[in-house]
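Chains as they are written, first to last, in this note's numbering: chain A, 373 to 654; chain B, 11 to 472; chain C, 2 to 295.
Hint data in this document are derived by calculation from the structure and do not stem from the laboratory.
Using N, Cα and C, we set each Cβ at its ideal position, and we do this for glycine too.
It is possible that some hints are incorrect.
Said to hold, decoys possible - Derived DSS-like pairs: lysine-lysine, alpha-carbon spacing no greater than 30 Å straight-line: (1) B/K71 with A/K599; (2) A/K479 with A/K559; (3) C/K12 with A/K559; (4) B/K271 with B/K130; (5) A/K599 with B/K357; (6) C/K12 with A/K479; (7) B/K130 with C/K12.
What the hints assert, rightly or not - Okay, the calculated beta carbon distance ranges per label pair: (8) A/G423 with B/P402: 53 to 61 Å; (9) A/L632 with C/R143: 51 to 59 Å; (10) C/R287 with A/R551: 25 to 33 Å.
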Amino acid sequence: MVENRPWLSLLTHLVLMVGVIVVVFPVYLAFIASTHGGGDFMRGVVPLLPGPHMIENYTQMLTEGISTAGAPPLWRMLLNSLIIAVIIAVGKIAISLLSAYAIVFFKFPFRMVAFWIIFITLMLPVEVRIIPTFAVVANLGLLNSYAGLTLPLIASATATFLFRQFFLTIPDELMEAARVDGAGPIKFFRDILLPLSRTNIAALFVILFIYGWVQYLWPLLVTTDSKYYTVVVGIKRLAATADAEPQWHLVMAAVMLAMLPPVLVVIFMQRLFVKGLVETEK
Amino acid sequence: MLSDVAKLGTRRSQSKNKGVSMSKNSLCLSIGLAAVLSATPAMAQTEVTWWHAMDAELGQKLEAIANGFNESQDEFVVMPSYKGTYPETLTAAIAAFRANEQPAIVQVFEVGTGTMMAAKGAINPVYSLMTDNGEAWDPSGFLAPVTGYYSDTDGNILSMPFNSSTPIMYYNKDVFEKAGLDRETPPKTWAELETMSRQIMESGAASCGFTTGWVSWVQTENLSAIHDQPYGTLENGFGGLGAEFTFNGPVQVKHWDNLKKWADEGLFQYGGPVGGNDAPPKFYAQECAIYMNSSASRAGVINNAKEFEVGFGPLPYYEDVTNEPKNSIIGGATLWALSGKDPEVYKGVAQFFTYLSSPEVQAQWHQDTGYLPITNAAYELGKEQGYYEANPGTDIAINQITRGTPTANSKGVRFGNLTQARTVIDEEFEALLSGSKTAQEALDSAVERGNVILRDFEAANS
Amino acid sequence: MQTKRTIFPNKWLPYALLAPQLAVTLVFFIWPAAQAVKSSFEREDPFGFRTTFIWFENYSRLFADPGYVNSLTKTAVFAVSVTLLSMSLALILAVAVNRVLKSNRAYTTLLVWPYAVAPVVVGILWWFMFNPTIGIAPYLLRALGVSWNHRVDGNQAMILIIVAASWKQISYNFLFFVAGLQSVPQSLTEAAAIDGAGPFKRFWTIVFPLLSPTTFFLLIVNINYAMFDTFGIIDATTSGGPNQSTNILVYKVYADGFLGLNIGSSAAQSVVLMLIVIVLTAIQFRYIERRVQY
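Bound-form chain A, shown alone:
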């Protein structure tokens, strides 16, 4: 920081560490649970230290997979989740960039109507429109397909809203300078706006990837072919039992494995953050 205030730095670290402990604790718990044997924690207070069964639990999940009851092996479900998450993240970012650009940088009839139509998608809960959405998807012949799994989820407005916020902060001088140089709207978008938006795109990619990754209800409804199962459907299958007891150690091992790809995305995207920092100095 600018001046050297050691006590403030100490406080900062303290705050961060407490924050990390509080925020990461439930995940830590899941990890602990995945290293113990089955039934170890329905019998007393959940232990706080890792147990001895880590290797065997994880191997069992990766090889047999959640092969109880016809689910495909874990790697296949991970692949499905990956494809869906990437399609959703890229799809949403792409169409939202275009829409936000149109709404902020142009004036045309029905501009505000368009904005509110897009924005309203945030406001009606999924559960209520799920049966009609299913009917639409079925009528389009998109059941049991990646298109059916992803298209309805691309309809939301968070990304458009975020980009709108960011675009509004772009100084008018930049635009005027571009126009003076003879750059049309498309050139401006590609050469100036996009690079500036890099940090936001990175943050959104993390969020949207995870959003796509953790989908449960929609994939459950729209697929009957088990080869399209996502990781979360597989995990819930283990965890929500009608009359029997779930095997928590295996469930938690699957949960930890399912969290690895998103973590990698987070780590990778952070590099773009730092780069963004340097470039947005206007």
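With chain A fixed as given, assemble chains B and C onto it according to the hints.
Chains B and C alone, transformed into the frame defined by chain A:
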């Protein structure tokens, strides 16, 4: 791609007149399916989709049954598909039906029976399905309480019994011994349960006497059945959609009063939301010595009760109300065949149902899972095999559900929107426990709110 | 509503840019939503065989039901608490991370990571942590003399779901605050420091106003999250209980529609919920966005 072709073929043929173009339908289906099922070379098998809610180990056993059928013949292939919990599976089936994408068979929990029975246009009733397709069909071979629950007013069975359960009592033999009680004697009556719980707590062997899952199903519906008390008018709802709740009678009020008294004293601990979802850990952690829940929890209970021995017993009753407790009632689920598929498919469904109810398959399923054996023949087979002798406590459920002569009050309950009614009961019970209502007030309020729900169902379905 | 002063003059290009999102929105959202609104005026059986038009009866029943009014108040308490808690904690952590240059990446990864836990699993983890029998939290609370039983105590149940729902959002808010903080030019804060402003003053007079577009975005998103996306966590921990003390509006929609299969009432409730949020959002855009500095 290919699966889309198959689906288009199926959908087009569904909209044609079924009777006339049967061979064309089969051809369409066969071509589509032959393309999809490349695993079975050169076999044009009719696909029978089966949506279910069995996961983890139960799901594995279910798939074993499907595989067994598939391997025993080559005309049909049953494809089971897990669609979530019971409510999720039902919603999925409804959504699919409305989009004309329904499965051939769907597993629906007993609470959804009212909804399914009222949906006459959506179901293909089992009794006519079987006879239409030339399969032997003898309803008397099934366990009487099971068939009674799933038949219409004419006595025709509408859905195929598959996994039925009934609640029983589990107890901790080690804690009993530590408290100075006899390990092998569970309490028979509520009075005994009260004294035993007190002794257990006073001796320090455990910090709580008993807990229960499903307050609505176990402590209200089953209570009423066992003590021959009415739950609702029109024969507990079997007689028609105009039924009303009447479970705020003296016996139920007395029992809820007792539960509150015992909760205050600490003898009884309430196990959490939805009437008891959090009860199991209390038993496994040896916090509570006695635990009442579905007979199908048996496998899970034994697995998790690693440090103590589990005993089994029938549910307790009030000896000042009756000397001859009646049978307990059904839980679990059955299989419903949905309408709108090709006749070929129903032939496969019928054959599969025959396979499913064969003594060997049923006995195996029952022994593996703790669900009741659906047919008398399966029960006999298990006895022959010596299964019940080798595994004490496994026949408690079936003995309890077949004891005595059933009356109109012990046949079970059939009401539409029963899920919502049960939620109301859970909420009123929670109000009782928190002290804001007496037992009579809570039950009266539950009846009143429940009747509103019933009238809604009646209006929507007539 | 804010707009830019300078714009591009093209006439057809904006429509072309908007087309993809509008198309997806119309087909996969507006059309099903219209169906849902239509259902709210009808009474039908789950399979759709008998549908009767009943005007506003679903709506009038809602407002006559004391449970629904209870739900409204619970939702207000819940939404405000979750938004305040998760946004303020996230902001503190984001500012802290911004100061610490060296271990910045490690902290950020750790703090964003919990967002990757699927909602269905989050509920299960909180169930574990707060379970009166086997949970670590009641164990610690007992040591401090607090008896924890959220199955019987409605206030404790509400605290539980507020904490569980906020937890999930902290990571989300944190990530966007960090991104937002990074676009605050260092030259401004340096100049202020040279002028003698301390770190806290710098924050409130410079950083926070410049962060306001992000803050506004997060405010709307968080309220949305609390109102719409939290039924999973509630389902896994308290299921709306005990005795409806955590039965917020969206959970009621889920319970009545999905579990109870009462399509008409559930649709009516969703429409009311949607109208509430639209009004809230409109208010925010009109009165709060004025304070946002673009």
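Now for the hints, and whether the structure bears them out:
1. A C-alpha spacing of about 20 Å is found between B/K71 and A/K599, which places the hinted pair at or below 30 Å, so the restraint holds.
2. The suggested pairing of A/K479 with A/K559 holds, with an alpha-carbon distance near 18 Å, which does not exceed 30 Å.
3. Restraint check: the Cα-Cα separation between C/K12 and A/K559 comes to about 17 Å, which is no more than 30 Å; the hinted pair holds.
4. With a C-alpha separation of about 45 Å, the suggested pairing of B/K271 with B/K130 is violated against the 30 Å cut-off.
5. Of the pairs offered as hints, the one joining A/K599 and B/K357 holds, with about 27 Å between alpha carbons and a cut-off of 30 Å not exceeded.
6. For the hint pairing C/K12 with A/K479, the CA-to-CA distance comes to about 8 Å; that is within 30 Å, so the pair holds.
7. Between B/K130 and C/K12, the direct Cα distance comes to roughly 56 Å. Violation of the 30 Å bound is thereby established for this hinted pair.
8. Remark: the range hint 53 to 61 Å for A/G423 to B/P402 is contradicted by a beta-carbon distance near 33 Å.
9. Judged by the Cβ atoms, the range 51 to 59 Å given for A/L632 and C/R143 is violated: they are separated by roughly 35 Å.
10. Distance hint for C/R287 and A/R551: a CB-CB separation of about 32 Å, consistent with the stated range 25 to 33 Å.
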